[in-house]
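Chemist: So the chains spell out like this:
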Amino acid sequence: MSIYKKTVGMLTLAALLSGCSSAPAVEKEAKTPLKVGVLAPFSGDAASYGEEIQIVLTQTAAQLNTTETQVELVYEDSKCTGQDAVTAYQKLIDIDGVDVILGGTCSSESLAIAPLLETNNMVALSAASSNPNIEGASPNLFTLAYNDYITADGMTEQAEKFTKVAIITEQNDYNIGIQKILETNLGKSVVSNEVFEKGATDMRNIIQKALSQKPEALILNPNVGTTAQVLLRQLAEFESELEGVQLISQIAYMSAEARQDASSLSEGMMIIDAPSIQSEEMNQLKKSLSAPTNYLGDFMTATSHDALINLVRAYNDSYSNGTTLRQELTENPLQGIVAGGKSFEDKNFLQGIKTGLYIVQEEEAVYQD
Amino acid sequence: MDFFLQILANSLVLGTQILFLAISLYLIKAVSKIEHVALGAIGTTVAYGFYYGLNLNQSYTIAVIIALITATILGLISFHLLEKLYKNKDILLALLLSLAFALGLESLVAIVFSSQAKNIIEGVLPTISFGNIQFTLPGIYTILIGVVLAFFTYIIVNKTPYGRVLRSISENSSLVASLGVNQVKIRKYVYIGASIIAGIVGILVAMNASLTPTLGFNYIMIAFIALFVGGAKDIRGTILASYLIILIPEFLINYSPASLNFTNSYRMFFIFIIALLILSYKPNGIFSKYTRNT
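Chains P and E are the protein sequences, given in the same order.
Counting in the numbering used here, the first sequence runs from 5 upward without gaps.
Counting in the numbering used here, the second sequence runs from 254 upward without gaps.
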């Protein structure tokens, strides 16, 4: 009797315990939507970034929701500044209770939240932050963008063909990062090195100062968005002085909108950006979006998509494998259009990304193989 | 030499833009002792009204009418917001309310029109050259209108009975009231007039550069400093200070040795240093005179 009772009791207890231990995991996967906090600028000069990232993520989440898991996106405006990014991050953690962070978008945002991530045991994956200081900033911060060193090296490769180079830079972490590398790489061939403050609307004096040094090449180094447009538009007022001057730039001028006010001046402009993405998956993603993502360009459209699918994949796998989300992100090859098959290799930057050269011809940025 | 003259030309345009706002601030300060810093945001909002009107049917007439209506409404709102505080002598509270009004207006504009820059004139701006010196067409308009505005403001304030009334309201309002002058009505008109002037500069700045919701903030801060450096009681000082605090930093930035690495980001720093230096020698403004206390 006692043995029978004990056996039944043990079996019942075992059944109950096994039921108790497996139930929450099943419930968590099946019922709880994965809350992804998105840090992106939705106001200010770089608002175009945030608006287009939202278009990509909404579509990607819709795809994921029909197949794998429930994803809820919680957006916060980080305004492309460190201070606002910290406030937005804290709201996502304390008020919204998000599980992971997709962002920051601008480098200043990612660098500002980096010290907070470990304390909150939170992982952040950025689709766009590229400042070299992100390397080593936090073991919980990762980015799918290519390091600014790579962009700056690509720009150097073109600029070093000229003996007199002028640089015009917007003051923010991303652009100053590139400017410092260009300064070091190009050395004495830099005859003018001008910086204008974020949000400036009148750059005529610094344009005049740069042109007064009669440069052979002019490197335009603004951030994506409004200021890039304004800078080029005001530069076009000096078009006669720019005859024979080679314009070199980066992603800020990849979109036709950024060049539309000065299309004649833009002809022949060299743009260093990620290589063109030619894949069926990319074409399908672009077609499925509710609006074109001209400011983001193909690369960041793809990395925004990849960031979300990898966060979701890593989160789900961490549950099924009993590992941490960080381990899942760093110890396995990633998925996606750009990140597919690549990995972080114990770094904060995705490894194996290179830049490409584009030249503006008949108002189109044409990729040079 | 060409470089010097071009920097001078560009800075004259910027200085005149500051002058417009400084004159608006001066007028309101003259009749109510209040620093109405929302004038920057008011100017921006009026410029958005102009932009909206222009896009409605490509007619400058419609755009000007909408801009005028916007300026008048915002002038009246400003008056009603601040009048009670003026009467209670809560000048500091009025400054804070004006700042809050500015932030509210900026947010409203950003919600309605988005934060993306807008261009009133599409494409590359038309330019006019004088020898090797180049001005944009809106830049020329700015200087011309600015000179006319400064001249007439000076004449009206200093040489006409209206000007005497304006100045006396701030100096001895009880005496003015005893003479039967309707101060409330005058203040209301001054608020509307200042909003229109701020609107004109908003439109001119937007034409010369581009239009963003926060455009007015930097400008009003510099105009605010110009008002104090010039002396809030003397329009001549305000006019001179508007140009000085723009021209000196521009030349320091552009003519300093490269090793000092003075970039455009130093501009506000230099403006504060200049203001500090002038105010330490002339605490009541550039043209202030020593007056014995009674």
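Read the hints as simulated data drawn from the structure, not as lab findings.
Among these hints, one or two may not hold up.
Unchecked claim - Just a few of them, taken from the derived set where beta-carbon distance is under 10 Å, the chain P residues facing chain E:
(1) 49
(2) 173
(3) 204
(4) 208
(5) 209
(6) 268
(7) 269
(8) 324
Just so you know, even glycine gets a beta-carbon here, dropped at the ideal spot from N, CA and C.
Chemist: Output the numbers, in ascending order, of every earlier hint that fails for this structure.
Modeler: 8
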